[in-house]
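**Q** Residue-level listing of the chains:
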Amino acid sequence: MTWLAILAAGVGCYLLKLAGLSVPARVLRRPVVARAADLIPVALLAALIAIQVFTSGPDLVLDARAAALAVAVGLLLLRAPFLVVVFGAAAAAALLRLL
Amino acid sequence: MTEPVTEPEDRRQIVRDSLGVGIATGTYGMSFGAVSVASGLDVAQTCVLSLLMFTGASQFAMVGVLASGGAPLSGALTALLLGTRNTLYGLRLAPLLDFTGRRRLAAAHLLIDESTAMSVTRTTTSGARTGFLTTGLSIFVLWNLFTLVGAVAGTAIGDPRTYGLDAAVGAAFLALLWPRLRERRNLLVGLLAAAVALGVVPVTAAGVPVLVAGGVAVLVGALWRPEVRR
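Protein chains in written order, with numbering that gives the first Met the number 0: chain A, 0 to 98; chain B, 0 to 229.
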């Protein structure tokens, strides 16, 4: 099942890329389509962050991951590079769990 | 589009900038490899994701849904929804890159955030192609190499929670999202989507909250009137 999902999503993601290079541009000129398409990645990423950080199964929780996210925000405000943000947050969570 | 001449210095500058972005992006394939294995995929599945899907946010999303106990197909659906933004990039880049036939089939695989960013601002087709291909190819090679390294190391080091790797995913998503939050509309939609997702978590199957949040985006996009802000 996992393999099927991986292959289907992989091929699907490639076809989405190819469609963009092949479809006539006028589809996107409809303002409603353009606005919705623009907001989808924002909403999905924000939801994924919330789920990753503040839930454990069906429960809402506040633990070391929330502190790590705060560290990530601080590093992003300091304009730290991607790797520093990601591993800085990981290190923060690891340290907090040691205490 | 005719083939305009790009100055040699110009070209070298584009290659240098693109390689910089390529190396910075490619190496964080290591965090994907480690996170993916921590989410329960094996090394082979992790490497196939990087080779075949090759679009970071979708890959992280897929393993993120699986890590939270979601069904593989919810993960696949989330990955595809996130992958739709590459379609938008393609629409914008198609006339600039001007690839046809087999070259378009090959170039499509390299169509991601970074290759778009490094080519969409060029004024000539050859400049855009240089930025697109240098960035895309360097990321493809490094991303896959470092995915393998991260996945193997992730298996060897034991429980990833000890190293805080479960917290790294949220940080990675936030870093991807960060540049877009400067726009107030995006910030509001992001907060709304996060709130809605957390609100439905206790009552829905894993993976569903993220898709509901996607629905929020479509709804706001359809209802939002830019004039209201004045």
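Derived by calculation from the structure, the hints in this document are not laboratory data.
Among these hints, one or two may not hold up.
[What the hints assert, rightly or not] Residues from chain B that keep clear of chain A, each with C-beta distances beyond 12 Å, as calculated:
| # | residue |
| --- | --- |
| 1 | Arg11 |
| 2 | Thr45 |
| 3 | Val140 |
| 4 | Val215 |
[To be verified] Selected chain A positions facing chain B (in silico; Cβ < 7 Å):
| # | residue |
| --- | --- |
| 5 | Met0 |
| 6 | Leu76 |
| 7 | Leu77 |
[To be verified] Computed footprint of chain A on chain B, listed as stretches where at least three residues anywhere in the stretch have a Cβ under 8 Å from a Cβ of chain A:
| # | stretch |
| --- | --- |
| 8 | 13-21 |
| 9 | 24-31 |
| 10 | 141-153 |
No residue lacks a Cβ here, since even glycine has one placed at the ideal position from N, Cα and C.
**Q** Return the numbers of the hints above that this structure violates; sort them in rising order.
**A** Violated hints (numbers, rising): 2, 4, 6, 7, 8, 10; every other hint is consistent with the structure.
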